[in-house]
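Going line by line, the protein sequences match chains A and B. The first sequence begins at 10 in our numbering and counts up by one. The second sequence begins at 1387 in our numbering and counts up by one.
It is worth saying that the hints were derived from the structure and are not from the lab. Backbone N, C-alpha and C define an ideal beta-carbon position, used for all residues, glycine too. Check the hints yourself; a few may be wrong.
Partial pick of chain B residues on the chain A-facing surface, computed with a CB cut under 7 angstroms [unchecked claim]:
(1) Asn1434
(2) Pro1439
(3) Pro1451
(4) Lys1471
(5) Phe1474
(6) Leu1535
Given next are the chains, with one letter for each unit.
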Amino acid sequence: MKEAKLILVSGIFISILIRGFFIFTGLEVGDVKNMHDTANMLLSGLNPYTNSHLYPYPPLYVFVEAATALFTNFAGTSFHFLIKFWPNLADIFITLLLYKFLRKQKVSPTPAAIWSLLYILNPVTIITSSAHGQFDSIVSLLTILSIYLLTFPSKKFYILLSPIILGLAISFKANPAMILPVFLVFGQRALPERARFFLLTCLTIGIIFLPFLLLNFNATLVSVFGYSGVSDFGYAAVLRALWYQINAEYWLPQAEDLIGASKLAFLLGAALLVILSSGKDTLIRSCLLIYLLFLTVFSGQSAQYSIWVLPLGILLRDRWVIAFSFAALFAHLGFYLFFAPELLLGKYFTITGGFYQTKYMPLYFFGNLMLWVVTALWLLKILKGQWANFQAFKKPVKSLALALSVLFLVSLIPVINLTLQIIQASTK
Amino acid sequence: MKIYALILIFFLILTFTLPSRVLAVSEHLNLGQLQSMGFTKYESVNGNSLLYPFKRFREKIFRVPDQELFDTRFNELIYIANKKKTGFLEESVSRYISISGILMQNKKSSVSEKAKQNIKILEKLRDGYPANSLPWIQIQKTVDTTRRLQ
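Please model the complete structure; the sequences and the hints are all you need to start from.
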């Protein structure tokens, strides 16, 4: 036990040192600059959503950004330095929560500590929180906490707290909304209990959205729900790299069409996975499956989405998380070195030779190709285990699952068609 | 069994919807015209390819002779300039000028004949672009450098 705690503390300490380097050498660029602009708008009494494309996320983090901006003025320091404190703090809490969660699952202390460190020392979480300054780790922390409270409800209050925390997570970033249905169908619970969970989650989101909706209803909805993502990662990145070969154009002209087609395919696939999860006590596995399906099928992905699956994979002690981390590291390096070296290396970014250097495109291509293959194989591996549940279903549920399977496969056709068109045009 | 049937149907549908649109290849001169001026062949891997770093790595490992590298860089430049891949032209030009500079330093007189031929091809390709446009100027730079090899 003592040895485990020593391992855990040492790992967190080493991670803080590495993260400190990225934070201290960082610059106020990219998303962090947008966060500062958003905070300034709010502090000036304006709704940040009226400036389209500035802030496409739900509103809760806006308050964190505004508070950070206020404190920055008070302390006379840089905004980019302080704003990165929050996601990194969340990473430390995730590590401790993972350890506690694994111990509750009867994992021995030392393996539990080592698995937990796989998160905090993971280069992908370090790059996302410390270099890029994205706050997906805060969302992951609240999501894992919500799962924990629902999995180990030692107090009745926890059952009520779980949906509120999930609602808070969705109010930071919308991605946990895609796993909300899994929370609703999970386990053997009565319908009113499931309805209460749904209502509490929606109520939490509604309260946080309300001031912004009252100020500018349309602008808020368009900013948050009109955002479909960018084709930076996953198979779209592979296609972008192939397209780059034609004439060094790094925007994929068919990106919007691909996002539209892949969104439908993902929604149908996710509906199928929810049915396969219904009534089972496999909440973590089901959430992981939905995220893996998203990363495999949907084309509008950003770099930071890779960290969503890490805590879930670690909780399952699935070794695929290691392969995923390796592949994601190469994909991240390729992405940042080519598109945004200033995000990765801060004030030292000139050592890369500048922006859009062709020499980094192969790293972006092979990294993302490897990441997509690993993600798809991981998805299939878990799905294979989950498919056994299918046999136990009653006939109407089986028919519904089968119908959804057909629809999912049919919805993949335009995605594959577009993909093949891009490959054909890029490699001739 | 149902699963196999589903997969089969899926691939059958896919077969009928496979993309049939192929974009026309845009180029100044066809390979025959280039060869009539003394051009030998395109390289299989050029500066626009995602495999290009592997080619460069192989060259460094196996210490390919400068004269062979000069020919390779020229062939790559012709591919990029002729296929109008202007986004890669600056890098291709830099690489060609760089190896030309090495040959100049080493005073390799054996390339002077080859240089004459290269100038002819480069001038023809340069004239395929509007005068004083960026690609025109970039190719003109290679013409100027190659002249110093004569």
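Hints violated by the structure (numbers, ascending): The structure breaks hints 3 and 6; every other hint is satisfied.
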